[in-house]
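There are 2 protein chains.
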Amino acid sequence: MKARVFVTLKPSVFDPQGKTIADALHSLGYTGVADVRQGKFFEIDVEARTADQAFHVASEVADKVLANPVIESYRVEIPES
Amino acid sequence: MKARVFVTLKPSVFDPQGKTIADALHSLGYTGVADVRQGKFFEIDVEARTADQAFHVASEVADKVLANPVIESYRVEIPES
Numbered sequence: 001m002k003a004r005v006f007v008t009l010k011p012s013v014f015d016p017q018g019k020t021i022a023d024a025l026h027s028l029g030y031t032g033v034a035d036v037r038q039g040k041f042f043e044i045d046v047e048a049r050t051a052d053q054a055f056h057v058a059s060e061v062a063d064k065v066l067a068n069p070v071i072e073s074y075r076v077e078i079p080e081s
Numbered sequence: 001m002k003a004r005v006f007v008t009l010k011p012s013v014f015d016p017q018g019k020t021i022a023d024a025l026h027s028l029g030y031t032g033v034a035d036v037r038q039g040k041f042f043e044i045d046v047e048a049r050t051a052d053q054a055f056h057v058a059s060e061v062a063d064k065v066l067a068n069p070v071i072e073s074y075r076v077e078i079p080e081s
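Quick mapping for you: the protein sequence lines, in order, are chains A and B.
Heads up: the first sequence runs through residues 1 to 81, numbered per my numbering.
Heads up: the second sequence runs through residues 1 to 81, numbered per my numbering.
Every clue listed holds true.
Identical copies look the same in the list; a pair holds intra-copy or inter-copy alike.
Listed below are the simulated DSS-like cross-link pairs for lysine-lysine, each with C-alpha atoms no more than 25 Å apart in a straight line:
#, residue 1, residue 2
1, 40, 2
2, 19, 64
3, 2, 64
4, 19, 2
5, 40, 10
6, 64, 40
7, 40, 19
Calculated directly from the structure, the hints in this document are not laboratory data.
Start from the sequences and build out the full structure, keeping to the hints where you can.
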């Protein structure tokens, strides 16, 4: 079963990568872009019988390995298949 | 208006980062994790009047700047606010 994990910097944490992308877009003429935040995205293939079980495993993996809970927050999604 | 852009390597492209994460998870005891693919996730704040307009700007930005269309594919979402 596929699980999707989205990891983003917490809103209070400065995101230099996103700032650089926003500046680059401005210099390319995209003045309508106010702000960019960059995060990470993981697609995990979990062997699980139910969506609940897959969600549980993906959340544990996200919390322990994929995200740094001090500065990052994460969201887990199980897409309907 | 917020737009979300997801950039992932095309399925035919080898993802060494994802492979490393999967191996690390196996060695940590998560044997139920079959495969991991890593991608990028961007939250863009676009000045647009309609969702369609925001979608258009975000797609253009994704195609020209955020993704490398040769090896990556992208998906744009306008979350309901």
